[in-house]
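*Asks:* If you want the building blocks of each chain, they are given just below.
Number of protein chains: 2
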Amino acid sequence: MTSVPISFWRDAVPRITGFRVYDLRFPTSLTADGSDAMNQDADYSAAYIILETDDPQLYGCGFTFTIGRGNDICAAAMELRARPLVGIEVGSLRNELGSVYRRLKKDSQLRWLGPDKGVEHLALGAVMNALWDLAARRERLPLWRLLAEMTPEELVDAADLSYLSDALTSEEALAILRGLEPGREERIALLEASGYPCYTTSAGWLGYSDEKLRRLCQEAVDQGYRHIKLKVGASLEDDLRRLAIAREVIGPDADLMIDANQVWDVPEAIEWVRKLAEFDPLWIEEPTSPDDVLGHAAIREAVRPVGVATGEHGMNRVLFKQLFQAGAIDYCQLDACRLASVNEVLAVQLMAAKFGVPVCPHAGGVGLCELVQHLSIFDFVAVSGDLTGRVTEFVDHLHEHFVDPCTVRDGAYVLPASPGYSAEIREETLAEYSFPSGGYWASTHLGRRELSRRAQQSGHDEVAFARSAEEELV
Amino acid sequence: MTSVPISFWRDAVPRITGFRVYDLRFPTSLTADGSDAMNQDADYSAAYIILETDDPQLYGCGFTFTIGRGNDICAAAMELRARPLVGIEVGSLRNELGSVYRRLKKDSQLRWLGPDKGVEHLALGAVMNALWDLAARRERLPLWRLLAEMTPEELVDAADLSYLSDALTSEEALAILRGLEPGREERIALLEASGYPCYTTSAGWLGYSDEKLRRLCQEAVDQGYRHIKLKVGASLEDDLRRLAIAREVIGPDADLMIDANQVWDVPEAIEWVRKLAEFDPLWIEEPTSPDDVLGHAAIREAVRPVGVATGEHGMNRVLFKQLFQAGAIDYCQLDACRLASVNEVLAVQLMAAKFGVPVCPHAGGVGLCELVQHLSIFDFVAVSGDLTGRVTEFVDHLHEHFVDPCTVRDGAYVLPASPGYSAEIREETLAEYSFPSGGYWASTHLGRRELSRRAQQSGHDEVAFARSAEEELV
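Line order of the protein sequences matches chains A and B.
Quick note, the first sequence lines up with residues 0 to 473 if you use numbering that gives the first Met the number 0.
Quick note, the second sequence lines up with residues 0 to 473 if you use numbering that gives the first Met the number 0.
A portion of the hints provided could be inaccurate.
One copy or two, it doesn't matter: identical chains are merged, so the pair holds either way.
As the list claims (entries may be wrong) - In the DSSO-like style, the derived pairs of lysine-lysine whose C-alpha atoms are separated by at most 30 angstroms in a straight line are:
| # | residue 1 | residue 2 |
| --- | --- | --- |
| 1 | K211 | K105 |
| 2 | K105 | K353 |
| 3 | K274 | K105 |
| 4 | K353 | K211 |
| 5 | K274 | K211 |
Since the hints were derived computationally from the structure, they do not count as laboratory data.
Same shape as in the complex, but just chain A (with noise of 0.2 angstroms):
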């Protein structure tokens, strides 16, 4: 009987063996929570997959973001987007981080679907995350970590900058991380004693009275927050008094920031953000289509001094890269979920840090703010080199089901010390939150009631699910 020596087990490299992808959704439309002027009943949402390797105790997480029907789109997506992961090796995977998002997009078939957006890219950046993940948990790091302490050449490398070189090329791109390449650690040890400065969009959903308004916007202010965001769009009037509520509880001096959620044409943005510019508001974020470089460039130039921003839609990096070309935006707001992963996002940073924009991520939903606080941690340490003007998002929903949640103190984001990138979903929410199966909606009244609710709304596309699930309960 011959025996395998244990040295070679912990030596051998582990591969990627397989994959389980998951339909999370959270019932957050019963509160209002997350409600703005486009979205009023958003059920927050998660395709999440896990990467499993041959050794159990290494695995890596990753999802895309959506607000409820069409996440099973999305976890289908993911299934043909992770298959070809399955057997590569996880050993030296930092310097393989490019290939390996090289070799997923080159799928011409998927591409066709896209190129680069929708549900075809939502699912390349859920699986990469979970790639990302993976290989910082391999190296026992934190992603922002990882990042920081990979060199200019492997930066680039890793970077998605195809269609970009007349705005920014590798050489750009190199000079600009080399040239932050000293004081990494100096930013670092400044980031552990203060933290990444965030601000809060927890007061400022639409669907909340005036009231609660007015308590949260104290509240922020109470736990030390210097901007607030409201959403705005609805209703000019509503606006009017809910803008006067938040800057009277919040003073002349803290940043007022509002959010329209792509609601308005070009013209009627202009019109309705010059009626709200007494409040003097720091910027107006999605004042139209998000596709619309030409339409941001004339808002920003007809309502100066308020600020510009938008791009947690910003589908890709061609996107942003107009964005600046065109002078149409004043803070970049990418999304860690919409853009294809880490990959496209130092893309996107290195374009911002050339072109002089402050990235300041979109956060909220689910788990985004796990993610977006290693972006931002690193874009300070190895890309901006500066905090002037950045602010990234925290919404304080939804934290419970991460292993590892994000803190937020004084008002800003506490550096992440585990290994990954913070993604991992809890396993009781994963039995709990799958939908339509999961503990929460298959057995719980309030689920069934959800469930039949929808059931009953004709045209509404829980109906099937709705109906099956009903079905096993009757």
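Assemble chain B onto chain A, guided by the hints.
*Replies:* Using the frame of chain A, we list chain B on its own:
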């Protein structure tokens, strides 16, 4: 015993009672049909839907075109998109094509996955294509004639003008259509005599040998085509040789177009096209990322007198708005499936008319020729009133699968006469090419070999499908 009078049934307004969705794939990668610098192994595919009513003679067919993997994702998204249609009356559908479209589009949870782009937008387009087909069948008119009979007010109500008012207001759209109301019948008569001019891409796929290229160019000239299109962008040396052959065969007066299928960055596109300029191409198509408005504008400026064309991946009306505003293109190649059906096509046609850009729709693939002939005819009859610089793509592949295939004679589309949008696929084709269970894929020697080959390519997405199909066979 009571009986319902027959006249009741005859007068009853039919309702949509359900739908069937198919994942259809054709193994075109085996013959290099459709090969270009970006897409070397396209399996032309259609995610296809039939909307059924309680009148078995009345149904609507629509599809989106893809090139293989991910066609199942589109099909799944179409099921979600189509559910709210079940139950609606198919009475005066002509007046409701705008409101139904807005109702489907309003789903804010699905909107998050775009908005207006990628899989969800393709799915919306496919479902609305089927509804337009149904509307035209209901009135026993070919779609182009239904459109030509609609009033300017009806057309503007159907058009998706959202986010466009800085470039085209409803009033301007109405004025364009009213201006061309006189003369619609004369223009129809003109097209009935001569057809709508088209060009062929069948000659110029990248995977064809020089001999095949020469032979196909000669055949095209013999068939009356005055325009020939070649794929370029994989190798400059090959491009120079192939363009010389084509120009030699077609002579100096016919038009030669070239198509790079997005392979270049902006500076590379400029350099490469300048080197091909000696063959006097009418246009360079898709020189770079389809999302890059400013890039196309820069290329156009740099490669004059070669024109710039793009649009088959033009994701939505907001992108086309900016292409027009920035003066980025000489030819607008909108796609009948990439845009969200006739509703969004109308908006782009109206903007093109205002900005004076000829619309030369993209076609080929599966069934795109069948669709775009209707759009081009309507464009001339009621929107542009002009044939100058207009030529619609034609590719002679896969028409045999359609119940009412397009007819091309002397380099022009013959006006379709049957009711509907020419989108209906033959029952035999549904049985044969449904993936992976249809007759071709599951039973024929070639299909089985293909499935098996794909199963062996590790990481290929058909693996799971193929395995289950193989298991059934064993």
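*Asks:* Treating 30 angstroms as the Cα threshold, decide for K353 and K211: within, between, both or neither.
*Replies:* neither (41 angstroms within a copy, 49 angstroms between copies)
*Asks:* Could you place K211 and K105 in one of the four classes (within, between, both, neither) given a Cα distance threshold of 30 angstroms?
*Replies:* Classified as between; 28 angstroms across copies, 49 angstroms inside a copy.
*Asks:* Can you give me the call for K274 and K211, within, between, both or neither, at a CA distance of at most 30 angstroms?
*Replies:* Classified as within; 24 angstroms inside a copy, 65 angstroms across copies.
*Asks:* Checking an output row: K105 and K353, CA cutoff 30 angstroms. Within, between, both or neither?
*Replies:* Within one copy, since 28 angstroms is at most 30 angstroms while 38 angstroms is not.
*Asks:* What label fits K274 with K105 when the C-alpha limit is 30 angstroms: within, between, both, or neither?
*Replies:* between (47 angstroms within a copy, 27 angstroms between copies)
Checked against the numbered hints given earlier, the structure breaks only hint 4 and satisfies all the rest.
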